[in-house]
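Go by the hints and put chain B onto chain A.
Here are the chains, one letter per residue:
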Amino acid sequence: MHEYGIVAALVERVAEEAAPRRARVRRLHVAIGELAGVDVELLRTAYDTFRPATLCADAELDVRAVAAAWSCPGCARALAPGAPLQCPVCGRPARLTAGDEIVLERIELEVPDV
Amino acid sequence: MCDTCGCGDRELVAVEVHERILAGNDAMAAHNRAHFVAEGVLAINLMGSPGSGKTALLEATARASGGRLRLGAVSGDLATDRDAARLNRAGIPSRAITTGSACHLDAKMVHAALHDAPWGALDVFFIENVGNLVCPAIYDLGQAACVVALAVTEGEDKPIKYPVMFKTADLVLLTKCDLLPHLEVDVAAIEDGLARVMPVPRMIQVSARTGEGVDAWLAWLAARRAALKVRAQAPALDAPARGPAHVG
Chain A
232 MHEYGIVAAL
242 VERVAEEAAP
252 RRARVRRLHV
262 AIGELAGVDV
272 ELLRTAYDTF
282 RPATLCADAE
292 LDVRAVAAAW
302 SCPGCARALA
312 PGAPLQCPVC
322 GRPARLTAGD
332 EIVLERIELE
342 VPDV
Chain B
4 MCDTCGCGDR
14 ELVAVEVHER
24 ILAGNDAMAA
34 HNRAHFVAEG
44 VLAINLMGSP
54 GSGKTALLEA
64 TARASGGRLR
74 LGAVSGDLAT
84 DRDAARLNRA
94 GIPSRAITTG
104 SACHLDAKMV
114 HAALHDAPWG
124 ALDVFFIENV
134 GNLVCPAIYD
144 LGQAACVVAL
154 AVTEGEDKPI
164 KYPVMFKTAD
174 LVLLTKCDLL
184 PHLEVDVAAI
194 EDGLARVMPV
204 PRMIQVSART
214 GEGVDAWLAW
224 LAARRAALKV
234 RAQAPALDAP
244 ARGPAHVG
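In the order they appear, the protein sequences are chains A and B.
Here the first sequence stands for residues 232 to 345, where the numbers follow my numbering.
Here the second sequence stands for residues 4 to 251, where the numbers follow my numbering.
The hints are simulated quantities; they were obtained by calculation from the structure and are not laboratory data.
Any given hint might turn out to be false.
Claimed, not checked - Partner residues are not named here, just some residues of chain A that face chain B (Cβ under 10 Å, in silico):
(1) V245
(2) A249
(3) H260
(4) V269
(5) L340
Bear in mind that the values here come from a model prediction, so they are computed numbers and not experimental data.
Glycine included, each C-beta is placed from N, C-alpha and C at the ideal position.
Extracted from the complex, chain A is given alone in its bound form (with noise of 0.2 Å):
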């Protein structure tokens, strides 16, 4: 259960945009790949378990899951969920181009308007 510390180090790294622009948090966008070793449903419970104390506290949380995709590095050619991961063609081994991503995209703020 390491979502809960990615959902430790993500409070984190929000409050250091919001806390200096004196910033209530409205919506975390956050990408999470298929094959980032992330479960999705676990890291919604456990923002929701972690948010009330902190400033995320009424923040939703949006997730982008992204598919898995392996491709050749050498032609480029994609390669059929769950195949062996070599070209097919030129038998180089292939390269993951999306799927491992656990990243935060985006952070919707409502800052003072001074």
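Below, chain B without anything else, positioned relative to chain A:
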């Protein structure tokens, strides 16, 4: 008007961040990696299920190397220092990292252990992670390579059930191979599973009990040490073996 204190209108702004949430861990891992590279030490993050034979493998490694390699280790464990004690008895200076409830090591824990170390100059430093096929895979510790121990008793479909762990591996050690004659395990099925989750599948069959395959494992370590030296001599070409993952 602000609905709390009447301080005036509030404006909604979007702050674009696009950073890995574990960027703090990545930075500490990069710091650890710089320590290892500066000291010319091959750091191995050894992962695997509880009971996959990680500690026994390291004991066998110490026996087979016969003192030719200067080895050191830290062992992650939820509640005891038993693994570190075993490694110390086997001749590998070791320190326990007792994690309490944490199911994995992170770069900060390893860094703290590095600064509190009973070892001198080393050739290979093993970071024996907490037994777990899930969480350790996502934390970079600053290692040069990730090695996953998979016991023959764990089931042929472990690689495809735990793709995140096995995609991280540079090498899989199929442990307890002395048991193969007593089991109905199809090693080819394990290899097929690995080929579907590891871009460069590499597996060595080992037995800590009989010593089978340990020479091949030592040869793999020697090749990685040689590659480390080449990289140390050409820092401009150096790139972290397991740096921060792709950021989309």
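ask   = Which of the listed hints are not met by the structure?
value = Nothing - there is no hint that the structure violates, so all of them hold.
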